[in-house]
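Please model the complete structure; the sequences and the hints are all you need to start from.
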Amino acid sequence: MCVTCGCGPDEVSISDAHGAARNGSGGHHHPSHGHDHPHEHGHDGHRHTHSHDEPSHAHAHPHESAPSGEQRLVELEDRILAKNDAYAARNRTQFGAGGVFAVNLLAGPGAGKTTLLVETLKALGGRVPAAVIEGDQQTQNDAERIRATGTPAVQVNTGKGCHLDAHMVGHALDELPLPPGGLLFIENVGNLVCPAAFDLGETRRVTLLSVTEGEDKPLKYPNIFETADLVLITKVDLLPHLDIDMAAIERNIARVNPTASILQCSSRGVPGLKAWLDWLADQRRQLLGSLAAEAESRAQALRASAGQAWSASGEATT
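Each residue of the sequence shown is one higher than the last, beginning at 14 in my numbering.
There's no promise every hint is true.
[To be verified] Below 27 Å or equal to it, Euclidean Cα-Cα: the simulated BS3-like pairs (lysine-lysine) are: (1) Lys287 with Lys230; (2) Lys287 with Lys135; (3) Lys173 with Lys96; (4) Lys230 with Lys173; (5) Lys173 with Lys233.
Hint data in this document are derived by calculation from the structure and do not stem from the laboratory.
Structural data, given as structure tokens:
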């Protein structure tokens, strides 16, 4: 569950890359991903380790003072996030092994995440292999829009859940072809609070903020911005029709997250996407270059080791 709002993934369902349902509500279990244990979803009461059915347990001994409700929530959150981080590390290892550049897109509802993805995929025109994981509480609407571009997309419906987690993403990956060196876009559930806390194993985290949301949104919802590698200010084509201070938006983003890159974009045509597309290309190039350098370093070490020969007596020769 999300300890912030109390949501739970009891109705999660995941499609395959073509839209067919792979499982019913609740379980999202795929043996190939090794997630066969139940989720840990907290309850508002604490757990006892002894049985009250035993007559000999007379409660004559003093109990240690019970932790406060706030302390229990903190401990529960720590356990949930630690478990999520373990799954995120597994996802990140999978991405790294395939040279996949994975982007976690976060924003409130209506910021333009899906439109940005559709237009981005059209602009890429299949020149770079790509795939998408869509997160919504209900419907396959967004995944269907993505598939209409010719890009495989898996829909994760979270039911009452308000965010994706690394466990869900791991199961979605079981259904999604990820070509080596490709792009994976993960469109998180539209929510400015809870998704910020959950690492999905992404390479980069991008938060969208539309110009219609006002200058102070980064100050009201700082967590979603302070964890971002890039903040993308969307719908800038609407600026002539709005009384909005763009400089104030950028100052407030920098106030919350001084290290995040900030770009402006419009999904109305390729020119408005140029800065975003250039950022994607540059980040992907850096990732692949780094992975290639690591692979070459390992290859050199293996070649050096292979150059060592042994005689029949076991003595090393050159």
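Hint by hint, here is what the structure shows:
no. : hint               : result
1   : Lys287 with Lys230 : 25 Å, holds
2   : Lys287 with Lys135 : 13 Å, holds
3   : Lys173 with Lys96  : 20 Å, holds
4   : Lys230 with Lys173 : 25 Å, holds
5   : Lys173 with Lys233 : 24 Å, holds
Going down the numbered hints, you'll see the structure goes against none, and every one checks out.
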